[in-house]
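Under UniProt numbering, think of the first position of the first sequence as 1, with each following residue one higher.
Hints are computed from structural coordinates only; laboratory data are not their basis.
It is possible that part of the hints are untrue.
Unchecked claim - No more than 30 Å apart at the CA atoms, straight line, and that leaves these computed lysine-lysine pairs for DSSO-like:
#: 1; residue 1: Lys83; residue 2: Lys388
#: 2; residue 1: Lys422; residue 2: Lys436
#: 3; residue 1: Lys422; residue 2: Lys276
#: 4; residue 1: Lys276; residue 2: Lys388
#: 5; residue 1: Lys184; residue 2: Lys194
Said to hold, decoys possible - Label pairs and their computed distance ranges (CB to CB):
#: 6; residue 1: Gln354; residue 2: Ser206; range: 55 to 63 Å
#: 7; residue 1: Asn92; residue 2: Asp448; range: 51 to 59 Å
#: 8; residue 1: Gln316; residue 2: Ser206; range: 47 to 55 Å
#: 9; residue 1: Ala100; residue 2: Arg461; range: 30 to 38 Å
#: 10; residue 1: Asn92; residue 2: Asp444; range: 19 to 27 Å
#: 11; residue 1: Glu458; residue 2: Gln316; range: 23 to 31 Å
#: 12; residue 1: Ser160; residue 2: His126; range: 28 to 36 Å
Fair warning: this is a prediction, and the values are worked out from it, not measured in the lab.
Using N, Cα and C, we set each Cβ at its ideal position, and we do this for glycine too.
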Amino acid sequence: MPHELPPSPPSLVLHDSQRRATVPFEPLDPAHVKVYYCGPTVYDLAHIGNLRAMLTADVLVRLLRHLYPRVTFVRNITDVDDKITARARANNEDIAALTARTTDEFHQDLAALGVLPPDIEPRATHNIAQMQEMIARLIANGHAYEAQGHVLFSVGSFASYGALSGRNPDELEAGARVEVAPYKQAPGDFVLWKPSDADQPGWDSSWGRGRPGWHIECSAMSHRYLGDSFDIHGGGSDLLFPHHENERAQSLCCFPGGRFANYWVHNAMLLVDGEKMSKSLGNFLTIRDALAQAPAEALRLLLLGAHYRSTLNYTQAGLLEARRTLDRFYRALENCGLTGEDETAPVSADAPDQIPPGVLAALSDDLNTPLAIAELHALAGQALAGDKAAAYALRAGARLMGLLQTTPEEWFRGGVPQDDDKLIETLIAERLAARKARDFARADAVRDQLQAMGIVLEDTRDGTSWRRA
RNA sequence: GGUCCGGUGGCAGAAUGGUGAUGCAGCGGACUGCAAAUCCGCGUAUGUGGGUUCGAUUCCCGCCCGGACCUCCA
């Protein structure tokens, strides 16, 4: 072996929306990578489209944590918004109760999916003072103005407005479909602060009692927790304009010495049965709707089965297929004796619990999760053929994507009541006796009985095992 | 109307200027008392018309179709 090159990890490349290109990721500080994602507006249950963005962030952050010693991931909760006010009114519910309840549901749903919590999860209502400071500063340096109780950002004051989303402000004006509010100096100007009626949530300010506009909260929170410049800002592609464009304008004008986000990561939308998910079509699926049909990992696998930048078509058939795929993966672990939960690496050199190179290479290539999953299939095949090292690699690679987090026992047989458990064992013994007596009619009758209970039997050389159908 | 993205086998979904992954489904076989699981084998695809090229699915142009954003939205 004359040229044994030392193994070097693949370098991460990411598609940056602003550069409109896939480029090497170079952190501002390799010792500490900083990521900000736009979180939910908490007025209703999260849907699977929301989930896609959260999963993209989750895989990205898991990968970054693997590659870098320290990662700070900030994801906000938007708990002041006119949609929240409207929903609270419709529900005849207190705003704080609505946002607390919805935030709790959001946390439960993401936890079910194995989405790791952010390091910091700031709430908009806890950062009003920071927003007001930014607004005052923007007024002071000529990027914002007061008009009829509103404070507006002056798009014309920021030369590179539109650079992120690739829009030309003049064209925006020409194509404006919404009637321009009379107090705006220019049609593209957007609200930083707006006045509140007595029955709307509001905070006192030097511009009167009011509430923040649509975009300032993320600028304030990202700055508070990550500073003038941070590495990655992400969200759904529908946020690119105007939300992220406006965030960028506010932040760069407020903190001209900084760079704000250095990379922008945007995930594509998803379709349900080939159609845009919308309430009017009746195909608006919450995370809970999906979880009623399949285990959470199946949903995760399905959503990671397409590259994050391409449109994903969600179907129930796809969800069930993802579940069968996980059956195979867990079977591969079980066959190799990886029945425990321990994440620690086995000491044996031929069974390293390391991220398989193919998986790491795929994920490092702009989060190519479908290709990484194909690698898992290859490892599962090897594991099923008895390769224990492949089973460890399968589990390690899958876990980097938040998959195979449980044990085969739990996956196949979890959630079955104790009494059923005993009955199943009894019936299996009964069937075994019948088979020994070559009374196959009786044996098959027992199997049918179990089938009716949702239990599938698998005969092996070592005996009969069972699992939920 | 403006801006942008995409169209790969029955389905999902990668990749690529030079014989198009992977999974599911289908078909045939092995194993099994029969199944289940597993294994082996097989078939099927780059929307359309041009251009560049020795060679295009990949690059360029037209067309058709779909989607996103421009308005709250992951």
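Comparing the hints with the structure gives:
no. : hint                         : in the structure
1   : Lys83 to Lys388              : violated (53 Å)
2   : Lys422 to Lys436             : holds (21 Å)
3   : Lys422 to Lys276             : violated (47 Å)
4   : Lys276 to Lys388             : violated (43 Å)
5   : Lys184 to Lys194             : holds (12 Å)
6   : Gln354 to Ser206: 55 to 63 Å : holds (57 Å)
7   : Asn92 to Asp448: 51 to 59 Å  : holds (52 Å)
8   : Gln316 to Ser206: 47 to 55 Å : holds (54 Å)
9   : Ala100 to Arg461: 30 to 38 Å : violated (55 Å)
10  : Asn92 to Asp444: 19 to 27 Å  : violated (58 Å)
11  : Glu458 to Gln316: 23 to 31 Å : holds (26 Å)
12  : Ser160 to His126: 28 to 36 Å : holds (31 Å)
This entry does not satisfy hints 1, 3, 4, 9, 10, going by the numbered hints stated previously.
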